[in-house]
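> Listed below are the residues making up each chain.
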Amino acid sequence: MERDDESNGPMMELCTNGGGEETSNRRPIITGEPLDIEAYAAMYKGRTKIMRLLFIANHCGGGNQTMQLEALRMAYDEVKKGENTQLFRDVVSKINGRLGDKYGMDSAWCEMIDRRAEQRKGKLENELSSYRTNLIKESIRMGHNDFGDFYYACGLLNEAFKNYIKTRDYCTTAKHIIHMCMNAILVSIEMGQFSHVSSYVNKVDQNPETLDPIVAAKLRCASGLAHLELKKYKLAARKFLDVNPELGSSYNEVIAPQDVATYGGLCALASFDRSELKASRYASCLEYLGSLRANLLLDIHLHDHVDTLYDQIRKKALIQYTLPFVSVDLSRMADAFKTSVSGLEKELEALITDDQIQARIDSHNKILYARHADQRSATFQKVLQMGNEFDRDVRSMMLRANLLKHEYHAKGRKP
Amino acid sequence: MSTVEAVITSIQGLSASSGDLYALHDVLKGAVDSLRTDSELQLSTLDQLDPSKHSLGYLYLLDVLTYGPVSKEKVLLIARFINACDAVQIRLASEKFVSLCKRFKDKVLELRDPLLGVAPLLAAVRKVQVSTKRLTALHPDCLQLCLLAKCYKAGFSVLSDDILEVDQPREFYLYCYYGGMICIGLKRFQKALELLYNVVTAPMHIVNAIALEAYKKYILVTLIHSGQFSISLPKCASTTAKSSFKTWCTPYIEVGMRYNDGKISELEAVVVANSSDFEKDNNLGLVKQAVASLYKRNILRLTQKYLTLSLQDIANMVQLANAKEAEMRVLQMIQDGQIHALINQKDGMVRFLEDPEQYKTSEMIEIMDSVIQRTIGLSKNLIAMDESLSCDPLYLGKVGRERQRYDFGEDFDTVPQKFSM
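So the sequences go chain by chain: A and B.
Take the first sequence: its letter number 185 is residue 185 in full-length UniProt numbering, and every next letter is one higher.
Take the second sequence: its letter number 70 is residue 70 in full-length UniProt numbering, and every next letter is one higher.
In case anyone wonders, no lab produced these hints; they're calculated from the structure.
Ideal placement from N, C-alpha and C gives every residue a C-beta, glycine not left out.
Check the hints yourself; a few may be wrong.
Stated by the list, open to error - Stretches of chain B that chain A covers, calculated by requiring three or more beta carbons in the stretch to come under 8 Å of a beta carbon on chain A:
#	segment
1	14-25
2	77-84
3	159-168
4	265-277
What the hints assert, rightly or not - Below, simulated DMTMM-like cross-link-like pairs (lysine to aspartate or glutamate); rule was C-alpha separation at most 25 Å, straight line:
#	chain 1	residue 1	chain 2	residue 2
5	B	K263	A	D354
6	B	K187	A	D149
7	B	K235	A	E345
8	B	K346	A	E345
9	A	K405	B	D347
10	A	K346	B	E402
11	B	K235	A	E209
12	A	K366	B	D167
13	B	K246	A	D362
14	B	K242	A	E209
15	B	K263	A	E347
16	B	K360	A	D374
17	B	K296	A	E347
18	B	K133	A	D374
19	A	K405	B	E402
20	B	K187	A	D374
21	A	K405	B	E73
22	A	K234	A	D307
23	A	K382	B	E327
24	B	K346	A	D362
25	A	K166	A	D101
26	B	K360	B	D347
27	B	K133	A	D391
28	A	K405	B	E165
29	B	K346	B	E325
30	A	K366	B	E165
31	B	K96	B	D38
32	B	K242	A	E389
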């Protein structure tokens, strides 16, 4: 646990100080101000850049037209650099002519790309079949790999995945296996199939060779994402915190270093025991998280989990607050958590029912009293109860056995 | 000498010792047919005999006399006989005694005077019982009369024996069902639950109407007693029960599910919707008790979370009409011992206290001691049962047959070859 606290330290400062040593244009998402889309998009490359931009466009709310159009414009530019005509069509239909002629449907470009794709596909197929007849393992592997890359660029993710998997039979060295797994992980993340991600990360881990630290860091990021999607926040936090800071921007076809920090920090807040959070910081911390919320909702991976994480963080804060005290004045606590006394009472009631706090509320004087269960009487009660249950169960059993025996005898006597 | 006179003299002569009694029994058995057709046999003939000394003979004659239609005079005579007869002599002809008592019970019911039959049947059960552990055919009849006469306490005295051995499943089902109803009448829900549980989980191959009715009451009593409803039957219930009971008891299961959700208004809506079904089964009163218990359950939950609470808040949280009603209910619960609390009328506040039981008194030690003794006794019973089963020839025969299927090697070499069929 100590290690986590140490690495949590700088992360905590990231959140509560709202600044840190790095300059603001490299960390667009962790401030409460509206998102700087250009800076945000600059952190990523490849397909994820486009997907993230589209996500922002879809979720930034109807009122924020400028942000939406900005995102779509950048998406358009990015898509044109690639070979995915289907994605291009999607972007164009979303833009819907709002950005002028320059950002309209370019059918000529589409046709050209499609033709090129057909040609390339034909060529790859020929090459592959010739390799197959020649039975050169390495070439067949490269051939399938190329096919995978091709399908990925076109946006046919399922086909890409299948082809990457096929290379497995032709892998001869550990390096090949790692390469295959990394590709499979990339495609699985894009497809949103995080169970595959976990299994391929495990596959690489089983490899006896020591990994290049960058590769290892990438794997941890991927596995952290997988845990996040499966709502296993504690595991996700662990993985993200283990990521070597040398990773830098080398994995930005999936995730940016800021994301690692954000995801890791949030998950850690929600799931680890925080002994460092002092009373005075609760209000400001929760306030800060509140302001971050709008921007975090625009992140493609966090979107579904922001509410749950925030809820858990708040609950943890409430529990930690009450832990060291025998009695707590509810009005002061309500101020600390920026809520009304009756609202606080309801929250505490829910926590007591779930057995997360051992206390009772004095509603008359508005005080929370800690209550420690009397072990001795609880034990006595339990013993008596068990005795009675045993009594009842054994007698019932004997009766049932008796009935069965009677039936059996009755059957036995029949000829 | 006519048959009747001959029989009377033999009865008077041979009722002294046990050896004579066997001889008498044979005589009586032989004379039954001729006695039936003999018109000389009247009620007055019985005056020559003393029911307590000549019980066996009296029994046979009474049996013949009551063969046809039975008048009220005969009923009273039977009642007197049952009270006065000698248990040892009766047990020699227990089936006759049992059938006599059943006829008695039917007649009493026809006369719509169940109270008349309660005391005699109670006595009858005690006399026919070979051991307090064994169920007799008369137990359910006795309980039925107690129910109809509303003599719950009398019925309860019969129930306080631990029944461990059973001959007839049907008697057992009726016993448990009537017994459960008596306990419900006395508001002893724990014991009622035990009895109904036994019926519901009894082994059966086809759905039994008694078990079905018992299951309906079982659901309602679980709600009242422990406040939890689980839609699946206990694991030990027979597969027939598990698959068929639910289809026949849908309104009850709905009540159970709404209870689990904890919302009073929804529960009441369901009750009103199905009230005709409940009335048909005579369960409407029980259902109303279940609804009342939900209020209690909710108030109980509040004691876990709050130290003090205003009456108005209680009323709001438990969905009662006003603070006055909340006060009444809390007061009732304090009196019943279900919660420990103090009501401050001036502030309109209730202060919840911890259970004052310290488990330090000598009464508590006695209770614990008795529980321990019971447990030891039960374990001994279990071991005895296991031993007797392992000597049972039918069981050994089956094990011997299956021996080829399960090759356990060393374990079953002790089973002699002759049992491998």
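> Could you run down the list of hints and mark each one as holding or not?
Results for each hint:
Coverage of the segment 14-25 of chain B by chain A is violated in this model, with 0 residues showing a Cβ closer than 8 Å to a Cβ of that chain against a need of three. As drawn, the segment 77-84 of chain B meets chain A at 0 residues by the rule of a beta-carbon pair under 8 Å; below three, the given contact is violated. Restraint check on the segment 159-168 of chain B versus chain A: 7 residues with Cβ-Cβ distances below 8 Å, three needed, restraint holds. Given a C-beta distance limit of less than 8 Å, the hint that chain A covers the segment 265-277 of chain B is violated, as 0 residues qualify and 3 are needed.
A distance of roughly 19 Å separates the Cα atoms of B/K263 and A/D354; the hinted pair therefore holds under the 25 Å criterion. For the hint pairing B/K187 with A/D149, the CA-to-CA distance comes to about 76 Å; that exceeds 25 Å, so the pair is violated. At roughly 40 Å between alpha-carbon atoms, B/K235 and A/E345 are farther apart than 25 Å, so this suggested pair is violated. Pair hint B/K346 plus A/E345 holds up; C-alpha atoms about 24 Å apart against a cutoff of 25 Å.
For the suggested pair A/K405 and B/D347, the alpha carbons sit about 64 Å apart, so the restraint of at most 25 Å is broken. Using a Cα cut-off of 25 Å, the hinted pair A/K346 and B/E402 is violated, with the two alpha carbons roughly 63 Å apart. Restraint check: the Cα-Cα separation between B/K235 and A/E209 comes to about 52 Å, which exceeds 25 Å; the hinted pair is violated. Distance hint between A/K366 and B/D167 is unfulfilled; the C-alpha atoms sit about 63 Å from each other, more than 25 Å.
Between B/K246 and A/D362 the CA atoms are separated by roughly 44 Å; this puts the pair beyond 25 Å, and the hint is violated. As the CA atoms of B/K242 and A/E209 are separated by approximately 56 Å, the hinted pair breaks the 25 Å bound. Taking the CA atoms of B/K263 and A/E347, the gap is about 20 Å. The hint holds against a cut of 25 Å. Note on B/K360 and A/D374: the hinted pairing holds, with a Cα-Cα distance of about 14 Å set against a maximum of 25 Å.
Restraint check for B/K296 and A/E347: satisfied, since their Cα atoms lie roughly 23 Å apart, inside the 25 Å limit. As the CA atoms of B/K133 and A/D374 are separated by approximately 40 Å, the hinted pair breaks the 25 Å bound. At roughly 18 Å between alpha-carbon atoms, A/K405 and B/E402 fall within 25 Å of each other, so this suggested pair holds. With a C-alpha separation of about 31 Å, the suggested pairing of B/K187 with A/D374 is violated against the 25 Å cut-off.
Using a Cα cut-off of 25 Å, the hinted pair A/K405 and B/E73 is violated, with the two alpha carbons roughly 43 Å apart. Taken as a hint, the A/K234 and A/D307 pair is honoured in the structure, with Cα atoms around 16 Å apart against an allowance of 25 Å. With a C-alpha separation of about 31 Å, the suggested pairing of A/K382 with B/E327 is violated against the 25 Å cut-off. Using a Cα cut-off of 25 Å, the hinted pair B/K346 and A/D362 holds, with the two alpha carbons roughly 17 Å apart.
For the suggested pair A/K166 and A/D101, the alpha carbons sit about 43 Å apart, so the restraint of at most 25 Å is broken. With a CA separation close to 35 Å, the supplied pair B/K360 and B/D347 exceeds the 25 Å bound. For the given pair, B/K133 sits about 15 Å from A/D391 by alpha-carbon distance, which is consistent with the 25 Å threshold. The suggested pairing of A/K405 with B/E165 holds, with an alpha-carbon distance near 10 Å, which does not exceed 25 Å.
Between the alpha carbons of B/K346 and B/E325 the distance comes to roughly 16 Å, so the proposed pair stays at or under 25 Å and holds. Between the alpha carbons of A/K366 and B/E165 the distance comes to roughly 59 Å, so the proposed pair goes past 25 Å and is violated. Our distance criterion of 25 Å between C-alpha atoms is met by B/K96 and B/D38, whose separation comes to about 20 Å. A distance of roughly 23 Å separates the Cα atoms of B/K242 and A/E389; the hinted pair therefore holds under the 25 Å criterion.
Of the hints listed earlier, those the structure fails to meet are numbers 1, 2, 4, 6, 7, 9, 10, 11, 12, 13, 14, 18, 20, 21, 23, 25, 26 and 30, in rising order.
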